[in-house]
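Chains A and B, in that order, give the protein sequences.
The opening position of the first sequence corresponds to residue 1 in the working numbering, with each subsequent residue numbered one higher.
The opening position of the second sequence corresponds to residue 1 in the working numbering, with each subsequent residue numbered one higher.
If you are wondering where the hints come from, they were derived from the structure by calculation, not from laboratory data.
Quick caveat: nothing in here was measured; it's all calculated off a predicted structure.
Worth double-checking, as some hints may not be accurate.
Pairs count within a copy or across copies, as identical chains cannot be separated in the list.
Quick list of in silico lysine-lysine cross-link-like pairs, DSS-like style, CA-CA up to 30 Å [claimed, not checked]:
| # | residue 1 | residue 2 |
| --- | --- | --- |
| 1 | K36 | K226 |
| 2 | K204 | K77 |
| 3 | K227 | K164 |
| 4 | K4 | K77 |
| 5 | K261 | K196 |
| 6 | K184 | K153 |
| 7 | K220 | K18 |
| 8 | K196 | K107 |
| 9 | K261 | K220 |
| 10 | K4 | K220 |
| 11 | K107 | K227 |
| 12 | K59 | K153 |
| 13 | K169 | K77 |
| 14 | K227 | K51 |
| 15 | K227 | K59 |
| 16 | K85 | K169 |
There are 2 protein chains.
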Amino acid sequence: MNFKTLNERILSKNRTKKIISVAGAENDHIIEACFKAYNEKIADFILIGDKQKIISTLKNLNYSPDTFEIINCTDEKQKAAMACKLFSEKKADLVMKGSVSTGTLLKEVLNDSYGLKGNGFLSHMACIEFEDRLLGITDGGLNISPTLEEKVKIVQNSIDFYIKLGVDKPKVALTCALEVPNPKMPATIDAAIIAKMADRQDIKGGVVDGPFAFDNAVSKEAARIKKIDSPVAGSADIIVAPDIEAANISAKAIIYTSHPKNGGVIIGSTSPVILLSRADDSETKFNSIVLALNVLD
Amino acid sequence: MNFKTLNERILSKNRTKKIISVAGAENDHIIEACFKAYNEKIADFILIGDKQKIISTLKNLNYSPDTFEIINCTDEKQKAAMACKLFSEKKADLVMKGSVSTGTLLKEVLNDSYGLKGNGFLSHMACIEFEDRLLGITDGGLNISPTLEEKVKIVQNSIDFYIKLGVDKPKVALTCALEVPNPKMPATIDAAIIAKMADRQDIKGGVVDGPFAFDNAVSKEAARIKKIDSPVAGSADIIVAPDIEAANISAKAIIYTSHPKNGGVIIGSTSPVILLSRADDSETKFNSIVLALNVLD
Numbered sequence: 001m002n003f004k005t006l007n008e009r010i011l012s013k014n015r016t017k018k019i020i021s022v023a024g025a026e027n028d029h030i031i032e033a034c035f036k037a038y039n040e041k042i043a044d045f046i047l048i049g050d051k052q053k054i055i056s057t058l059k060n061l062n063y064s065p066d067t068f069e070i071i072n073c074t075d076e077k078q079k080a081a082m083a084c085k086l087f088s089e090k091k092a093d094l095v096m097k098g099s100v101s102t103g104t105l106l107k108e109v110l111n112d113s114y115g116l117k118g119n120g121f122l123s124h125m126a127c128i129e130f131e132d133r134l135l136g137i138t139d140g141g142l143n144i145s146p147t148l149e150e151k152v153k154i155v156q157n158s159i160d161f162y163i164k165l166g167v168d169k170p171k172v173a174l175t176c177a178l179e180v181p182n183p184k185m186p187a188t189i190d191a192a193i194i195a196k197m198a199d200r201q202d203i204k205g206g207v208v209d210g211p212f213a214f215d216n217a218v219s220k221e222a223a224r225i226k227k228i229d230s231p232v233a234g235s236a237d238i239i240v241a242p243d244i245e246a247a248n249i250s251a252k253a254i255i256y257t258s259h260p261k262n263g264g265v266i267i268g269s270t271s272p273v274i275l276l277s278r279a280d281d282s283e284t285k286f287n288s289i290v291l292a293l294n295v296l297d
Numbered sequence: 001m002n003f004k005t006l007n008e009r010i011l012s013k014n015r016t017k018k019i020i021s022v023a024g025a026e027n028d029h030i031i032e033a034c035f036k037a038y039n040e041k042i043a044d045f046i047l048i049g050d051k052q053k054i055i056s057t058l059k060n061l062n063y064s065p066d067t068f069e070i071i072n073c074t075d076e077k078q079k080a081a082m083a084c085k086l087f088s089e090k091k092a093d094l095v096m097k098g099s100v101s102t103g104t105l106l107k108e109v110l111n112d113s114y115g116l117k118g119n120g121f122l123s124h125m126a127c128i129e130f131e132d133r134l135l136g137i138t139d140g141g142l143n144i145s146p147t148l149e150e151k152v153k154i155v156q157n158s159i160d161f162y163i164k165l166g167v168d169k170p171k172v173a174l175t176c177a178l179e180v181p182n183p184k185m186p187a188t189i190d191a192a193i194i195a196k197m198a199d200r201q202d203i204k205g206g207v208v209d210g211p212f213a214f215d216n217a218v219s220k221e222a223a224r225i226k227k228i229d230s231p232v233a234g235s236a237d238i239i240v241a242p243d244i245e246a247a248n249i250s251a252k253a254i255i256y257t258s259h260p261k262n263g264g265v266i267i268g269s270t271s272p273v274i275l276l277s278r279a280d281d282s283e284t285k286f287n288s289i290v291l292a293l294n295v296l297d
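Next up, chain A with everything else stripped away, as it sits in the complex (with noise of 0.2 Å):
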């Protein structure tokens, strides 16, 4: 599974044109990703912001002013509502962040009037292409410090929405430090626990072991010279960092030294917000799309 493979199974499924709602759409770099989406004809996009703003940006990109529907807003918590209000009302099947600010963003998300807040838990999720696989990494986005049980909830999206990417049943590793439960490190302490939680059914769908460090989560030849027996070992789909942290860092460690194509999306909402960093390029931006595309029904 790559993002290649994942644009391919977008259009062979020929289903009908997904629309997606951008909150604040007054940027070259949004536009450029939604433009391609739309050239490749995987998704058709609704414009939220100030439209004499997004008409020239896209004249300036030499794209067609009337391509897209234009909604015009110039406050920036009314983008948010608007994006989301378009969901609620079945008018888009997606919600992309644009220029408005994260929290902003997800403050609507979270309204329960637009029926996107779905279990109301949200983590991040970012997708790396690595060896074979899209390697996710959790959650480097959105809870600062999470507690057991919301390390708990962040597993469970994470395996729901790898399931929905079409990985059977999610490997996902629990990484610390090191691979050993050792008091003197709650990470580790917590990796134990909830791997112990997933043994007796508490998650579902996946298969979950911890503590893993990252070499013998993602190398077969570390985990067999640690001596770790664990069908995850070696073979993680999934890193679940012990907080935001140890989650960011790693998958911009993996990013800015080996310069794989990657995405990220919000997890845990009834359908994916996606949501870009002014720091992507429009590769990743699109990469983003294709993910969210990639679990609708």
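We have chain A already, so just place chain B on it with the hints.
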């Protein structure tokens, strides 16, 4: 600066060959790394451990059993103590972890009677070849959840080490999940405080700034997009992570996805302690020896 240039620098110094005492040498990979360093004429070794086992390991690898001095010792604690005692008696210039556990060795390193303790605060430094430099990541090996005061010591240790490696004013990025101080994220607050402490000369010899996300610490383009004006932005020599999980997972994430040359040592002691992981390949073990030899006078 890379491992090749560091290796050449050792030879160009044309000094007496340094001697390394190995705590527990009954292991194929360790002996291979020692032999590589011996053959490249950068170091000599005193092997401490079960003499019969060491000799049979040497013979199995087709090495002459009388190349190195071997000190017979079968007790774990005694192996570690002997390695440090050789340092205190000036019979060895460096101590290297062999098969003994990290905890056992560090207990002896911290024993006042051997003079290895240095300023008394030890930290771990991983160095990874990245672009035209050795990117340092600390502390993923020793200090689990450092306090603000301990983070300051980790930063100072890292600067002192990089200056000895030959970097004039090392650039240190205090790295978090994002680049703005956020009261909800203690790591960003610590980073802001430490950056200001460095401005006030509580930390000396380097250029220290933060908070950074990993992307804007190492990528000038990401720093430009995020509008970060700092001499460290986009060109950090050293990544200081907020805790052991963030440092350990991110260093291994780089190593196990892009496979750069790398090595690691314990710093803050009078001379660095060469600390090898069982999962390290023999090249990584050799690079760790090169790192340590480079900072000796």
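Worksheet item: Between the shortest in-copy and the shortest cross-copy C-alpha distance, which are at most 30 Å for K261 and K220: within, between, both, or neither?
Response: Result: close both inside a copy and across copies, 23 Å intra and 19 Å inter.
Item to complete: Indicate which option fits the pair K261, K196 if close means a Cα-Cα distance not exceeding 30 Å: within, between, both or neither.
Response: neither (33 Å within a copy, 36 Å between copies)
Item to complete: State whether the alpha carbon distance between K204 and K77 is at most 30 Å within one copy, between copies, both, or neither.
Response: Neither way: K204 and K77 sit 37 Å apart in one copy and 45 Å across, limit 30 Å.
Worksheet entry | Homo-oligomer pair classification [K59, K227; C-alpha up to 30 Å] | Answer is between: at 26 Å across copies they meet the 30 Å cutoff, but 60 Å inside does not.
Discussion item. For K4 and K77, with the copy left unspecified, which applies at a CA distance of at most 30 Å: within, between, both, or neither?
Written reply: neither (35 Å within a copy, 55 Å between copies)
Worksheet item: Using 30 Å as the alpha-carbon threshold, which applies to K59 and K153: within, between, both, or neither?
Response: neither (44 Å within a copy, 54 Å between copies)
Worksheet item: Within a copy, between copies, both or neither: where do K36 and K226 come within 30 Å Cα-Cα?
Response: Between copies, since 24 Å is at most 30 Å while 45 Å is not.
Discussion item. Within a copy, between copies, both or neither: which one fits K196 and K107 at a CA-CA cutoff of 30 Å?
Written reply: Neither. Shortest intra-copy (34 Å) and inter-copy (33 Å) distances fail the 30 Å Cα cut-off.
Worksheet entry | Up to 30 Å CA-CA - K51 versus K227, copy category | between (60 Å within a copy, 26 Å between copies)
Discussion item. As a check of your reading, is K85 near K169 (CA-CA no more than 30 Å) within one copy, between copies, both or neither?
Written reply: This pair counts as neither: shortest intra-copy Cα distance 34 Å, inter-copy 53 Å.
Discussion item. Within a copy, between copies, both or neither: which one fits K107 and K227 at a CA-CA cutoff of 30 Å?
Written reply: This pair counts as between: shortest inter-copy Cα distance 26 Å, intra-copy 46 Å.
Discussion item. Checking an output row: K220 and K18, CA cutoff 30 Å. Within, between, both or neither?
Written reply: neither (40 Å within a copy, 36 Å between copies)
Of the numbered hints given earlier, the model fails hints 2, 3, 4, 5, 7, 8, 12, 13, 16; all others are met.
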